[in-house]
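A.B. asks: Numbering (mature numbering (1 follows the signal peptide of the UniProt record, and there is no 0)), first residue to last: -27 to -1, 1 to 753.
Any given hint might turn out to be false.
With beta-carbon atoms standing in for the labels, derived distance ranges [to be verified]:
1. L547 - L749: 45 to 53 Å
2. R556 - G397: 33 to 41 Å
3. A513 - F376: 46 to 54 Å
4. F376 - G208: 47 to 55 Å
5. Q370 - V246: 54 to 62 Å
6. L547 - D709: 41 to 49 Å
7. P298 - P200: 27 to 35 Å
8. L449 - S21: 34 to 42 Å
The set of hints was computed from the structure by calculation and includes no laboratory data.
Don't be surprised by glycine CBs; every beta carbon is placed ideally from N, CA and C.
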Amino acid sequence: MRKSARMHYALLASGALMMVQAQGALAQEAQKPEATIGEIVVTAQFQSQKLQDTPLAITAINASGLEARSINQIADISNSAPGVLLKPSAAAFGPAVTVFVRGLGQSDSSIAMEPGVGMYVDDVYYGSLFGANFDLLDLERVEILRGPQGTLAGKNSIGGAVKLYSRKPDGRGANYLEASYGSRNLLSFRGGGDFTIVPDKLYARASGVYTRQDGYVTRYDYGCIHPSSGVPAAGISTNCVLGHEGDKNYGGGRLALRYTPNPQWTVDLSATVIKDNSEVAPTVLLAANSTSTAYFAPYNPALFVVPAGANYNYATYATPAFTDPAIYNGKVGAGSHPAISVPTHNDLLQSSFNGTITWHPGEHLTLTSITGYSRSNIGYGIDGDASPITTQTALYQARSRQFSQELRLNGRALGTLLDWTVGGYYYRANNNFAGSNILYPGKPFENLNAPDDDAISTNKSLFGQAILHPLSGLNLTGGIRYTGDAKDYTYRRYNPFLSGVPTFTAAGVLTGVQSHYSANKLDYRVNLDYRWNDQLMTYAQVSTGFRGGGTNPRPFVPEQAVPFYPETITAYELGFKSDLWSRRLRVNGSLFLNDYANIIFANTAPTANSALNATPTNVGSAQYKGAELEVTARPVGGMLIDASVSYLHFRLTSISAAGVVIQGVTLANAAPFAPAWKASIGAQYGLETKIGTFTPRVDYSYQSSYFTAIANNPEGQVGAYGVANARLTFDSPAKDWRLSLAVRNLFDATYYNNKFFNLGMTLAQPAAPREVSVTLRRNF
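Can you make the complete structure from the sequences, with help from the hints?
C.D. replies: Following this line, the structure appears as structure tokens:
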């Protein structure tokens, strides 16, 4: 403990000394002109606006801001955005990301589910969280919009939206190559470059990334470590080590074209490919306290002991040979089955094609077409308990094909009195979820099934927005969207050992079952903003939104194929945006209150309808309220400070009949993935010297504890934690070379990204330990 404290103090003292030395050296150098806070242009209201002129709660980070914070993947953005939680999903849900904004989102990555927070790349909606932990490759900026986007963003996003905008080719260069090496044999390469094909007409940009890094959670052979336990050793380990989880192994590339035949037309086309063969998400077994000894037969559960709080993983990703219980004698396909094993790495291949065409037919008219097509194939293995005992071994494949088309027309009327937008949106996703699943082999409650489920989702909408400017500085915005939403499901449960034949276990009767959902919804938004002067703008807003319903996409037994209904929100918000002190201090804030009806949470409590199944359930009505504050300051030239803080309070106002069934749910329960407090602060100082510019930066983020299920199981609670990162960057005088030293998790804090509690077992996903890396970048 004392050694750890000394390390903390030493690192903090080193950072303070670095800042003091920087200020002392600055006094000896020629004074750099004092800088102001730069502008970021966003497109949240169907048009380009300065961030400070947009009456919405938005966090926007440009490319240089992402690099300065060592943000490489989308989950890393969470540390810099108030009220936002982005985490890698639990291993049971595959290579996905958990996204919550103001307490609303989705932890189940099923391709048949609808995220509560929309994910967009170049304004194209991505309907699945699988593969959504995007590497932030060659981005221009990131926008995180908080609150319902019912009338604004392509497909309705009830909680908010995360939008990534890639850098467009323009023939101006912005070419770079960089290489990184670091902890656990990190090796990463990135690059991007512009090419002029036809001067002033046709440009191209190519970019790519490759990253490889060893994992940080060790899988042990329990029988090898404890030979007297009665658990047989796997016989394939080295020094009782079966492997490691959490390693990275992915690559991707993007090719973009921009065609500008004349000032009236702009055509942007892009194609992106990502391949990810990383190991499964790092998982540890914290506790195994099931009251049913049958779960741990044939081994003596008294001998299978997991030390409290220990980070161990004994997963085998294998099922030994077994014989079905006698109750299935005579059933087709029942009998003895061979041993099976599943891969411990993900197999993801994702490609997307986006096209945006902009036409200016008149002085104040703009017609925009946004087309997107993507396809993804994802395979991943599951060991459901991280123990040497076989409770669940599964291999899943998810396939998705989605197409979207948005058309919108922007114009101006009555001189400069009115800006208007009308448009339409179409979305269709064809999804298939297949694989094999071995649950409790050889036990009386055995469930063997090979799912092959189809889920087709369609969404059609018409929308309009008008911004009235009745007085100087005063704007009244009204928006409306009419949406038709539909989903069709077809379930199949085959025998994993007998292709095409329905399984003889309970899941077999699901084969051929179909389900349909459809709903129509009208959403609106009313916003009033007023710019008091150059320094201050305030706004008030009322908006609505919804998330579509459907049927549980992943039932193991017929009782779990239950419907759930659309959840709706009415959101009230007050906010302000200010630039003070000659634009050296920026303070933005918001207060909000969100009323939900039919709110959807995953039922993971061990009841008849949810055992080993996260069943989407309309729990009842609820209310979220909170506050957010973002501050950016440039007190002196070369120094930049940014900070944020958010508070969130949740309460269930009523519990539905379906919610009552969930064990442990009361009006006093907290919402899952909704920490009450989040805060961050970062500071950097650019010191110009004769040999180049040195820029040290330190970031610290904190979030309070939160539960991972509405049942609020104590075992599934993620504790509060704080994380510090540091970076020292050197830029050559010509800015053509850059050398960076980065440290993530500076104090080597131990904390968890996620926890999952079911059937008496507590699984957790530990965050990576301290990582040090060096990056060399060449700009040309």
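A.B. asks: Which earlier hints turn out false for this structure, listed by number in ascending order?
C.D. replies: Hints 3, 5, 8 not satisfied by this model.
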